[in-house]
Amino acid sequence: MNILALETATESCSVALLRGDALFERSELAPRRHAELALPMAEAVLAEAGLARADVDGIAVGRGPGSFTGVRLAVSLAQGLALALELPVVTVSSLAALAMEAPQDDAPVTAVIDARMGEIYAASFERDADGLLKPCGEEVVCPPDLWQPALTLDACHVVGTGWGVYGEGLAARLGTPRSTDADRYPQARHVARLAAPRFAAGDTLTPEQVLPVYLRDKVALTIAERAAAKS
Amino acid sequence: MVNWPAEIGRAAKYNVHMSKFSKPVLGIESSCDETGVALVSWDPDQPGRGLLAHTLYSQVKLHADYGGVVPELASRDHVRKLMPLVRETLDRAGLGMRDLGGVAYTAGPGLVGALLVGASAARAMAWALDLPAIGVHHMEGHLLAPLLEPDPPEPPFVALLVSGGHSMLVAVRGIGDYEVLGDTLDDAAGEAFDKTAKLMGLPYPGGPVLAAEALKGDPGAYHFARPMTDRPGLDFSFSGLKTQVLLAWNKSDRSEQTRADVASGFEQAIVETLAIKCRRALEATGMSRLIIAGGVGANRRLRAQLAEAGEREGFSVHFPRLEFCTDNGAMIALAGAIRLAAGQAQGPQIKVQPRWSLDTLDPVATA
Numbered sequence: 004m005n006i007l008a009l010e011t012a013t014e015s016c017s018v019a020l021l022r023g024d025a026l027f028e029r030s031e032l033a034p035r036r037h038a039e040l041a042l043p044m045a046e047a048v049l050a051e052a053g054l055a056r057a058d059v060d061g062i063a064v065g066r067g068p069g070s071f072t073g074v075r076l077a078v079s080l081a082q083g084l085a086l087a088l089e090l091p092v093v094t095v096s097s098l099a100a101l102a103m104e105a106p107q108d109d110a111p112v113t114a115v116i117d118a119r120m121g122e123i124y125a126a127s128f129e130r131d132a133d134g135l136l137k138p139c140g141e142e143v144v145c146p147p148d149l150w151q152p153a154l155t156l157d158a159c160h161v162v163g164t165g166w167g168v169y170g171e172g173l174a175a176r177l178g179t180p181r182s183t184d185a186d187r188y189p190q191a192r193h194v195a196r197l198a199a200p201r202f203a204a205g206d207t208l209t210p211e212q213v214l215p216v217y218l219r220d221k222v223a224l225t226i227a228e229r230a231a232a233k234s
Numbered sequence: 022m023v024n025w026p027a028e029i030g031r032a033a034k035y036n037v038h039m040s041k042f043s044k045p046v047l048g049i050e051s052s053c054d055e056t057g058v059a060l061v062s063w064d065p066d067q068p069g070r071g072l073l074a075h076t077l078y079s080q081v082k083l084h085a086d087y088g089g090v091v092p093e094l095a096s097r098d099h100v101r102k103l104m105p106l107v108r109e110t111l112d113r114a115g116l117g118m119r120d121l122g123g124v125a126y127t128a129g130p131g132l133v134g135a136l137l138v139g140a141s142a143a144r145a146m147a148w149a150l151d152l153p154a155i156g157v158h159h160m161e162g163h164l165l166a167p168l169l170e171p172d173p174p175e176p177p178f179v180a181l182l183v184s185g186g187h188s189m190l191v192a193v194r195g196i197g198d199y200e201v202l203g204d205t206l207d208d209a210a211g212e213a214f215d216k217t218a219k220l221m222g223l224p225y226p227g228g229p230v231l232a233a234e235a236l237k238g239d240p241g242a243y244h245f246a247r248p249m250t251d252r253p254g255l256d257f258s259f260s261g262l263k264t265q266v267l268l269a270w271n272k273s274d275r276s277e278q279t280r281a282d283v284a285s286g287f288e289q290a291i292v293e294t295l296a297i298k299c300r301r302a303l304e305a306t307g308m309s310r311l312i313i314a315g316g317v318g319a320n321r322r323l324r325a326q327l328a329e330a331g332e333r334e335g336f337s338v339h340f341p342r343l344e345f346c347t348d349n350g351a352m353i354a355l356a357g358a359i360r361l362a363a364g365q366a367q368g369p370q371i372k373v374q375p376r377w378s379l380d381t382l383d384p385v386a387t388a
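If you read the protein sequences in the order shown, they are chains D and L. For what it's worth, this note's numbering labels the leading residue of the first sequence as 4, then goes sequentially. For what it's worth, this note's numbering labels the leading residue of the second sequence as 22, then goes sequentially.
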């Protein structure tokens, strides 16, 4: 099976093609250039794998959380590709893709993305018997001071930009993690790998079912809410 | 070249094997708060016949609670609505994605996040099927919308583009050959309608409600100045008019009838201002055809007064049908189809231009 994967939720823009077990990928830290880069990257991985566009069997996409615009880019591309080529889609959490960047040992992983506006996106993952990461608790968006991780932080590897911004305060309040790496971003290769078993199980979506997960859902105040806030 | 007998030639004209560009072009509009999708098969010999299907979803209700368009919410809604609309448009036309000859989308001007949704999906579809794709200027879409009607006006003509986001006069010398003659210095005409409605306590979006109120009012009861008509030039300014209305409204008894009278006086001031500038633009360019586009082009009084002025003064006035005055996918599919037929297309880099001047477009050579 040939899976084309897209992940553009953070500063990193990446596209991967999983052809059986062989992986082809392009990834670049390119804030604000994702829209320009994504399809040429897809073209490059297909060419490298020696495949035509019509040879793709499924689209995997990082559905967020992350930058609103970045998440929508990957989702819109996935929708368009899937509709045009009549392909099934699997959506993958960008936090789960980020967690896959942690050291591959038995320890659980906590992924933390800087959500701007003084908040973080965070989720924790445990390894199952097969060594795959499984979500543990809910994905959240919250101010770092209010965050209650699902797992004890000192048992975890912590990855992601959220640690770079708020790591010091978090370590003081919640304990020093087993390891930390703030320079990690969700990558399309992990989106492809996490999606593969779901394609095999037939756990897929149609183009219109492919939607972003923003976590931050309150983005504006209604007239009534503004009036209430004033009084 | 093969010399076909005439009847085969005619048949071949409608045959999808004939040329990539007689094939339908999918158009996507997502620059603000409406998601529009359409399929247009452009044939210059058959104007008014190329529209195969179109669908539109308006977000007006979504934004009403916020008193205006919230850009992030607009983007979020485009992502939800676009795929179902593309599917429905194809179904209505009885076509599949593989019947398409190209893809067009609004690349600007507009809200950057909203534009990116349509542009990304459109580029992805085109790339997947190896089809040419083109980013269309939203206002060019409005300018060319009259070509969706039978017996469309031929350039050269003057176009008045009036909507919630724009008020401009454009000299159209050919497709892609545009000169902006005048623009608004502050509020757009539609914006002036909406803001004036709001300050008289009418719900968002107030423009159409205000126009409905105006029908019940006495147009002679209140007289407001016709902004910038006492000096030469083709620019507009509507924000002062709004202030005049506010003063008049605050001094009044604020009854239902007064509201209708004020609305009527306000509408008359806008319509007359637009009409004066249209006449000036026709004089300045020596052109004799006027087309009206954009949401305010649906205003009844504007239509009636311009049509009347045209008859009196010997210029012709053309309006697209009401549904193509407001934002829609059909005008984008059409503008895209014309440009794709001229061999214009861009690579797979997704680019949008939230600010984009009409003057900078490439002309399209017409045979």
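Honestly, the hints are just simulated from the structure, not real lab data. Predicted model, so just to flag it, every value in this text is computed and none were measured. All C-beta atoms, glycine included, are put in the ideal place defined by N, C-alpha and C. Any given hint could be a false lead.
[As the list claims (entries may be wrong)] Listed below are several chain L residues computed to face chain D (Cβ distance under 10 Å; list not exhaustive):
1. L103
2. G368
3. Q370
Going through the hints against the structure:
Evaluation of the L/L103 hint against chain D yields a held restraint, the C-beta minimum of about 7 Å falling below 10 Å. Restraint check, L/G368 versus chain D: the minimum CB separation of about 8 Å is within 10 Å; hint holds. Interface restraint check: L/Q370 against chain D, minimum CB-CB distance 4 Å, threshold 10 Å, status holds.
Against the hints set out earlier in the document, no violation occurs for any number.
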